[in-house]
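**Q** Chain residues, written in single-letter form:
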Amino acid sequence: MKAHLTRRYMFSASHRLHSDEMSEAENRATYGKCNNPYGHGHNYMVEVTVSGPVDDQTGMVCNLVDLDDFVHSEILEHYDHQNLNLLAEFAKQVPTTENLCIAIYEIVKRGFLKAHLEKVRIEETMMNSFEYAGEK
Amino acid sequence: MVYLTRKAEFSASHYYHNPEFTAKENQRVFGKCNNPNGHGHNYTLEVTVKGAVDPKSGFVVDLKQLKDVMSREVLDAFDHRFLNKEVPEFLARIPTTENLAIAIWQRLAPKLTATRLHRVRVYETPDLFVDFYGES
Chain Z
1 MKAHLTRRYM FSASHRLHSD EMSEAENRAT YGKCNNPYGH GHNYMVEVTV SGPVDDQTGM
61 VCNLVDLDDF VHSEILEHYD HQNLNLLAEF AKQVPTTENL CIAIYEIVKR GFLKAHLEKV
121 RIEETMMNSF EYAGEK
Chain X
137 MVYLTRKAEF SASHYYHNPE FTAKENQRVF GKCNNPNGHG HNYTLEVTVK GAVDPKSGFV
197 VDLKQLKDVM SREVLDAFDH RFLNKEVPEF LARIPTTENL AIAIWQRLAP KLTATRLHRV
257 RVYETPDLFV DFYGES
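Chains as they are written, first to last, in the numbering used here: chain Z, 1 to 136; chain X, 137 to 272.
By construction, these hints were calculated from the structure, which means they are not laboratory data. Keep in mind that this is a model prediction, so the values were computed, not measured. Fair warning: there could be bad hints in the mix.
To be verified - Under 8 Å between C-beta atoms, here's a sample of chain X residues computed to sit facing chain Z:
#	residue
1	T232
2	N235
3	A237
4	V266
5	E271
What the hints assert, rightly or not - Here chain Z is said to cover these stretches of chain X; the calculated rule only asks that three of the stretch's residues, wherever they fall, bring their Cβ under 8 Å from a Cβ of chain Z:
#	stretch
6	152–158
7	258–265
Don't be surprised by glycine CBs; every beta carbon is placed ideally from N, CA and C.
The shape of chain Z in the complex, shown without the other chains (with noise of 0.2 Å):
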């Protein structure tokens, strides 16, 4: 029997939100204090969203040692504490909460084979998140 399975991951990194392709004035509407130009920083709260079959041997959808290992190293590791328009996969993308929720996602499919990945859902702080499932 399939069922779905959420673990949440926490990690702090700041950011700005700034369009190269947009003149200053541009920028400020668009982004409003998210374009101060020294940044700012989020705690992300990010939930990764995996489904499967309940194994019989293990009552589990994958084991979440697994799972765990995988975020910490290639999501946790990478991102936390970092400034995220320094990255190389925002070096020509805008760090929204978006990107950032699509970045992840394609590293967790990419990279963690132990289960399928149903969606990523991050949130920026406690009155926002973003979700972001692949392209349907």
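Given chain Z's structure and the hints, the job is docking chain X onto it.
**A** Just chain X, lined up with the frame of chain Z:
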């Protein structure tokens, strides 16, 4: 179609052990969850039902009735119990969060006659939860 979710909490102990595995395999697969004396969690259960809003009552479901079914079928059986030894489903099945969600679904679905069960979500901790949508 409107979806309604009701939450409840129960506290229970469990441990993970497959009698078909050697002691070493059990330790490798289940780690500290294999401690034979068990350990406990405060579980949060979310039951989501769906249906049309009744034009007379304005309800998807009679909340009192849903609460009573959840209490009788799940909380009375699971709360303050050692799941492996006191809940029939887990005498021969490992009480992982995945299997808990499935067992709770199987207990509730036949009793919720006035509405349709959509999802059972079980939080083992705030950072780990399982969703089960039935056997589709």
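**Q** Each hint: holds or not?
**A** Status of each hint after checking the structure:
1. T232: holds (4 Å)
2. N235: holds (5 Å)
3. A237: holds (6 Å)
4. V266: The hint holds - V266(X) has a Cβ within 8 Å of chain Z, the shortest such distance being about 5 Å.
5. E271: holds (6 Å)
6. 152–158: Answer holds; 4 residues pass the 8 Å Cβ test.
7. 258–265: holds (count 4)
The structure agrees with every numbered hint stated previously.
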